[in-house]
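Starting from the known structure of chain A, arrange chain B on it as the hints suggest.
Next come the chains, spelled out residue by residue.
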Amino acid sequence: MSGSEVGRGARVLLPLAVALVLCAVWEVAVRMTHSHGLLPSPTGVVESGAILTSSGVIVEAMSGSLKRVLIGFAIGGALGIPTGLAIGTVPALDRAFRPVLDGLRSIAPIAWIPMAILWLGVRGDAALFVVAYAAVFPFIVNASLAARLVDRRLVAAARALGAGPWTVVRTVLLPGSIPMLFTGARIALAFAWASIIAAELAIGIKIAGQGRSVAGIGQLMVETLYVRRDVDALVFYMLVIGAVSFLIDAGLRRLQRWMLPWSDR
Amino acid sequence: MNPIVELKHVGKVYVSARDGEAIEALANIDFTIRRGEFLTVVGPSGCGKSTLLSLIAGFNAPTSGDVLFQGHPITAPGPERGVMFQDYALFPWRTVAGNIEFGPQARGVDAAHTRERVRKLIEMVGLRGFEHRYPHELSGGMRQRCALARMLANDPTMWLMDEPLAAVDLQTRIILQDELLRMWGDGIGTAGDRPTVVFVTHGIDEAVLLADRVLVLGRRPGRIKEVVDVALPRPRTALRNGPEVARLTAQVWELIHDEAVQAINEEAPL
Chain A
1 MSGSEVGRGA RVLLPLAVAL VLCAVWEVAV RMTHSHGLLP SPTGVVESGA ILTSSGVIVE
61 AMSGSLKRVL IGFAIGGALG IPTGLAIGTV PALDRAFRPV LDGLRSIAPI AWIPMAILWL
121 GVRGDAALFV VAYAAVFPFI VNASLAARLV DRRLVAAARA LGAGPWTVVR TVLLPGSIPM
181 LFTGARIALA FAWASIIAAE LAIGIKIAGQ GRSVAGIGQL MVETLYVRRD VDALVFYMLV
241 IGAVSFLIDA GLRRLQRWML PWSDR
Chain B
1 MNPIVELKHV GKVYVSARDG EAIEALANID FTIRRGEFLT VVGPSGCGKS TLLSLIAGFN
61 APTSGDVLFQ GHPITAPGPE RGVMFQDYAL FPWRTVAGNI EFGPQARGVD AAHTRERVRK
121 LIEMVGLRGF EHRYPHELSG GMRQRCALAR MLANDPTMWL MDEPLAAVDL QTRIILQDEL
181 LRMWGDGIGT AGDRPTVVFV THGIDEAVLL ADRVLVLGRR PGRIKEVVDV ALPRPRTALR
241 NGPEVARLTA QVWELIHDEA VQAINEEAPL
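Taken in sequence, the protein lines are chains A and B.
Read in order, the letters of the first sequence correspond to residues 1 to 265 in my numbering.
Read in order, the letters of the second sequence correspond to residues 1 to 270 in my numbering.
Hints were generated in silico from the structure; no laboratory data involved.
One should not assume that every hint holds.
Which bits of chain B does chain A cover? Going by a derived footprint, with three or more residues having C-beta under 8 Å, they are [claimed, not checked]: (1) 115-125; (2) 235-249.
Pulled from the structure, derived: some chain A residues nowhere near chain B, Cβ distances all over 10 Å [stated by the list, open to error]: (3) Leu-16; (4) Ala-24; (5) Val-30; (6) Leu-247.
Keep in mind the model is a prediction, meaning the values are calculated, not measured.
We treat Cβ as the ideally placed atom computed from N, Cα and C, and that holds for glycine.
Chain A with its partners taken away, still in its complex shape (with noise of 0.2 Å):
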């Protein structure tokens, strides 16, 4: 029992102790050289968070990119899932349209982002179309092996008790393939998150250039990068990407669990 207590203590309190030297070291470190400005450092990250914080700044462009990476992430859904399971359950599907997908997919979604600046301009349907672009392939990929993997003992179980072939769709192919969907939509988010803030550094650049307003987190990053020059704040907009991230992954998790209690995970 106190071995446990121990235990626990050592593994909150040890990597705490650590990251707190590791900062006071890096606090030590560039007031030692006055070199803070050029370099962040702890105690100016906390003070470009708090006034960030409390001028809704963060929040807003935070909401700006949340919003987009959420509405690509349902399209990417929409058209993914259903493309899917159709080529995971339709082998003559499957063998036409993989190649085309396959090859697709092999293109780096910011690789895109001029074309799309080019057909859909600096507002921030650009960026949705990347994020969407990024979102779809690991749905399709999840959902087309998920139809693939599904027990087809169940299906035949379903057939022998009556179910007709929508029914077996419905009552059989869906909920099974329910698993391996939350493992294609937890991916396609991380991707999604990953394309907004390149896609949103990219067209920033333009829009700073032209002194408009600023929209996403990216945009963000860009403006302060060449605008204000703070440093601390471009960390504090690091440590907020990292933390929703973290935030949205532990959601769809909770999600899962909480919708198939019957997995055993």
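Coordinates of chain B only, in the frame set by chain A:
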């Protein structure tokens, strides 16, 4: 004698998905299953026992010959032919009650009627208190009972059972054999009142104990070797350790032995 299933010169050839090689699973099966009988099917591995069952279930079509159910060719699975699978094939995302109600729901039986039927079945197979558990939360014996209740929910005239007791331990198996016989109607009424059972097993003693007739298959290709009549009184439970069952078990084993040894040798890794 009242036939329910007729197998007429049935042959089944599979083409292996891996190397395209043709495998003759069944050859010239000519056999009639009687209404209300308990038929068990035994044979060495590779004799096509499960293939035979899936032809009657309607999952596969024969390559040659005809499989008739009540005089009509079988073209698809149907709820009048209930199937119980080796590993039960319960829907993992449905609870015990959800699995049992699947058949009536799929057939569009009204909800109130289904609910009452499910309640009775749960009672009958001894799963009360476990209605809302998921399959992964159940023991092997409970899963087996759930699968049985799911099959019974459609009131099938035939029970097609593919090694339904293979995955449980010996004590559980004995208990479940007795329950199965009881639910089938062992020693009650006449054959016309009872469902027809086709029960595939590799337990020869089990095959003898349960059956009216034991269909003994040979291998490569699967064919009928002999049909052994088990002319013992019912109910059978009392005869479990009796000399008649032991004698017939030995007789059936004698029929299978050589090919079973052969099967083991051929399946040895290269």
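Hints, verified against the model:
no., hint, verdict
1, 115-125, "violated (count 0)"
2, 235-249, "violated (count 0)"
3, Leu-16, "holds (37 Å)"
4, Ala-24, "holds (49 Å)"
5, Val-30, "holds (54 Å)"
6, Leu-247, "holds (27 Å)"
Violation of the numbered hints given earlier is confined to hints 1 and 2; the remaining hints are satisfied by the structure.
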